[in-house]
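Colleague: Those protein sequence lines, which keep their order, are chains A and B.
With UniProt numbering applied, the first sequence corresponds to residues 1 to 702, in that order.
With UniProt numbering applied, the second sequence corresponds to residues 1 to 329, in that order.
No lab work stands behind these hints: they were computed from the structure.
Treat the hints with care, since some could be wrong.
Far from chain A by the CB rule (all over 10 angstroms, computed), these chain B residues [said to hold, decoys possible]:
1. Pro45
2. Ile231
3. Asp252
Ranges of calculated distance between the beta carbons of each label pair, as one might list FRET restraints [to be verified]:
4. A/Arg295 / B/Lys39: 22 to 32 angstroms
5. B/Lys39 / A/Glu31: 13 to 23 angstroms
6. B/Asp257 / A/Gly371: 49 to 59 angstroms
7. A/Leu151 / B/Gly137: 34 to 44 angstroms
Using N, Cα and C, we set each Cβ at its ideal position, and we do this for glycine too.
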Amino acid sequence: MSTITPRAMGQALDRLDGADKVRGLARYAFEHPVDHPAYLFPVQSTVAVGRITGIDRSQASAQPGVLAVLTYHNAPRLSTEDGELRVLQSDEVAFRGQIVAAVIAETSEIARHAASLVRVDYEGRTHNVDLRAEVPGHREHLRVPNEVLPLFPMDTAEGDVDAAMASAAVRVDEVYSTPWYTHNALEPHTTIACWTEEGFTLHLSTQGVTGIQAGVAQAFRLDPSQVRVISPHVGGAFGSKVYPRADVVLAAMAARSVPGRPVKFALTRQQTFSLTGYRPPTIQRVRLGAGSDGRLTAIDHRSIEQTSKLKEFAEHSTRATPSMYAAPNRGTQQWVAELDVPTPTIMRAPGEASGMFALESAMDELAIACGLDPIELRIRNEPDTHPHFHLPFSSRNLVTCLREGARRFGWERRDPTPRARREGGWLIGTGVAAATYPVLRLPGSKATIRADANGRYAVLIAAVDIGTGTRTALTQVAADALQADVEQIDLRLGDTAYPPAAEEGASAGITSWGAAICAAADQLRQRLATEHGGTVPADGLEITADTPENEYLKQYAMHSFGAQFAEVRVHEETGEIRVPRQLGVFACGRIVNPKTARSQLLGGMAWGLSMSLHEQSVLDLRFGHVVNHDLAQYHISSNADIGAVEVHWIEEDDPYVNPMGTKGVGEIGIVGVAAAIANAVYHATGIRIRDLPITLDKLLPG
Amino acid sequence: MRTFRYERASTTSGAVALLAEAPHGAFLGGGTNLVDLMKLDVARPDLLVDVRRLTSDRVEELSNGGVRIGAGVSNSQLAADPLIRRRYPMLSQALLSGASGQLRNLATAAGNLLQRTRCPYFQDVTTPCNKREPGTGCSAIEGHHRDLAILGTSPECVATHPSDLAVALVALDAVVRTEGPDGERVIPMTELHRLPGAEPQRDTVLRHGELITAIDLPPLAFAACSYFRKIRDRASYAFALVTVAAAIDVVDGVVRDVRIAFGGVAHKPWRAIKAEELLRGGPAGEDQFRRAAEAELADARPLAGNAFKVPLARNTMVRTLLDLLEGPR
Ligand SMILES: Cc1cc2nc3c(=O)[nH]c(=O)nc-3n(C[C@H](O)[C@H](O)[C@H](O)COP(=O)(O)OP(=O)(O)OC[C@H]3O[C@@H](n4cnc5c(N)ncnc54)[C@H](O)[C@@H]3O)c2cc1C
Ligand code: SF4
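Please model the entire structure based on the sequences and the hints provided.
Modeller: Spelled out as structure tokens, the structure:
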């Protein structure tokens, strides 16, 4: 693998689509102009588990303007094993809010009203939606999930944790929990589906047009070439738009029943809470054993989460733990409980965001138990090689991030005593935590480069820009790969008309797509040199290349690292919590575009605050649904909650990760924030909160 | 589609007459609550009589030294009004702590008082709720009730009234002027909202078709220094867990007069009469404030999920009064 020389990379370029977005010219899925659309609205189950015993659609069908009412009786039979996509295929209900019927009508208002007139009778069964009742030891519903990423096994073990714990001078053994989080992208899940003789055209909001194409083609027994998926702009996704879900299949079904007519479908905010996935709640136990000098002898991390009965999804919360600290005895274990709930899905830093809250809170507890500064404790446990893979790191700068952060944050002035600082009725504390995220490369991308004789390059790849700035950053990568100026590059993405691409996720976009573009650029240069004497022929030259395998994967462990700092204020009398200051220092390889990268990291840190203090989907155990299913009730940090947020990174030159030297910046910003804030809350108040979110009632003096 | 008629009248009596004929009709102010509830299928009026521009949009000084607020005054305008800010700062603070700038621009004073509870089950037609459908049961008592009431609840309903403005008005002894099919009347703010009892579907004592035309504030010199303190789950744009509106008149360390009201604790804005009585004529100090708060909250009957509101309300009241004594810290 050769690396490319940064010229465009590293420039803080404005977003290429920024002006269009600001002027409202960038079209999102639902805004795509279509002729004579029909509208779709779903009917959702009101029981959590059971069987449909009758559906009366007569009243709905009789409404003027209603075109069709779909139920499991008349919906097309699908061919898919994916339980989430098997919409309207049987009389079984697997979670409250599952789609049990749908109305297609001339207007969205008619569709919505008619949907409320569809009468569905159920024979309900007793449901189980309570993760808290699922404790190991009583494990009928619990099992070890399948691997999410082949590199990271669900169970790891080395040495003898129990023996090491028994003989450890200092021990921490605590249970931490994180709640059910809902994504709430600004743009809800939307689709415009049209069925013609050629097949489906789907305009939708997605993180991966290729994956949607494959999912829909399979479900409807079509050739992928009969499904065109277009997604030029996406208004946020955060993982919730990676996998195709019921909404897309339902829209396609509806389009099939009104051939030639585009069917428009936008979920309401309330519907997104049950239909688009969520970060599953976790219950985690962390055990740390150490000598009195703080050197770890044992690390053990176990997590229980939930999945649905339709499909397994596991957030691998214990994934980061084996990459963090040296200890001769280590174990991680991951379980999922199958409950009568919707299927969870990917949410920013799936695994690390929840898991590192537990591990990094426990590290703080250990530092206090050892009487050590928490940064010093982490430095003492810095491993020489990857503790689990036993490979050197391609680059690892956790300690540099901690030290640089400490310097910038003013950490050395800190008095570690809890409740030591007070100002005008507010207790003040500071906290620190480490962050990490693996460098991942997703399979399945190809890039085409078309060079023309005028020195322009069209770069085609079915990647998507979910609002992160991918379009701009990938243009910079292409410019450097082709040793051209940014102005010479015409990058086209967001359409299955272009070569297939892996989904936007796992902070792997630039790595997966950029590596394909670099490979194509390499081949283009070679072809030009060997066959065309170094100049582009008059009719141009086109090359397509795959994302290559990374030959260094067997030699190096590849991870980003970071350090998160937070200052919190807790009101002595009311327990109100404010976070006036957050500071993050990250080591994520080369930064392609400092402007968009900063936004990614800053957004992650802001979300980390929101996850720590505000967000929580409240489940009603009796009904089995999220009760606070709108933005007035599901609290996301408001502007007034976010204080000064400082984002820094250190220069890191890693020739092993990919030709660009990038590690990805999408996820790591959120990792560790919750622990830094919880640790700061402890420092301020002397109260350790192990269950997120940290709300004022948990800190209120009696 | 669920259709409804939309009407505008040229006079208040015309508007009242329109609704008198329509048992399922409703007045429309800014629509920021009513229209939301219509979308959720919680409210199903067949007639909307738009009164936003019909009622006065002015804040006027009254000859007795009080102030009259037209029912159509927007929340933003009311919060910014110089007279209000000077004489009743708690009222302006209450408004600014509520909703968002956009909502406040649209919301009217009368609509604010008559907004409906934010109990999540009330807003979700797939769950039982006595307030929405009498007799179906209360989902909140054994369910999610973190934000709900601790005082004056009934076995039928534990909802809270969400308005911040109403809490300040109750503390200030405001009165509401109405015009209804049976003529005009004046209702003290303390009596406008009800406790749920056996009829949680009735938020207020207003009769169908009774139009709020204005809100009158009596003069209260010591309210020129008054506070509204709102405790909520995030720093902005959230309904209250607990609020306290307070003004206190202390001379030589003795409480001459005091006004205290709680929000977020009951089906109505809760005037702390017991606490006020205990404090009036006695010394002003933290211990006294605390005892008064405890006396007021002695009747609290919290549920498992909102017991924290009792100490929260107490501490917030004590802190607000101390801040009034000492100046804010
Ligand atoms: C996301 C969100 C957050 C919010 N946060 C807060 C908050 O923190 N604090 C707070 O106090 N409020 C908050 N609000 C509520 C907001 O203040 C109210 O929606 C608003 O004040 C209602 O005023 P309106 O004029 O729009 O009323 P409308 O929605 O038009 O009407 C409300 C009710 O009043 C009746 N009505 C209107 N005018 C009259 C009249 N003249 N006479 C008789 N009846 C009348 C209507 O029939 C209806 O029943 C929030 C609202 C939203 C959507
Ligand atoms: S508290 Fe009142 S509004 Fe809420 S569910 Fe019970 S009856 Fe309905």
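Colleague: Give a verdict on every hint.
Modeller: Structure-based check of each hint:
1. B/Pro45, annotated as away from the interface, keeps every beta carbon of chain A farther than 10 angstroms; the closest lies near 15 angstroms.
2. Chain A draws B/Ile231 into its interface by the beta-carbon criterion, the shortest separation being 5 angstroms against a cut-off of 10 angstroms.
3. Distance check for B/Asp252 against chain A: the nearest CB is about 26 angstroms away, which clears 10 angstroms, and the non-interface claim stands.
4. Restraint check, A/Arg295 to B/Lys39: a C-beta distance of roughly 60 angstroms breaks the suggested window 22 to 32 angstroms.
5. A C-beta distance of roughly 21 angstroms is found between B/Lys39 and A/Glu31, which places it inside the suggested range of 13 to 23 angstroms.
6. Between B/Asp257 and A/Gly371 the CB atoms are about 55 angstroms apart, so this pair conforms to the stated range of 49 to 59 angstroms.
7. For the pair A/Leu151 and B/Gly137, the supplied restraint of 34 to 44 angstroms is violated, since their beta-carbon distance comes to about 52 angstroms.
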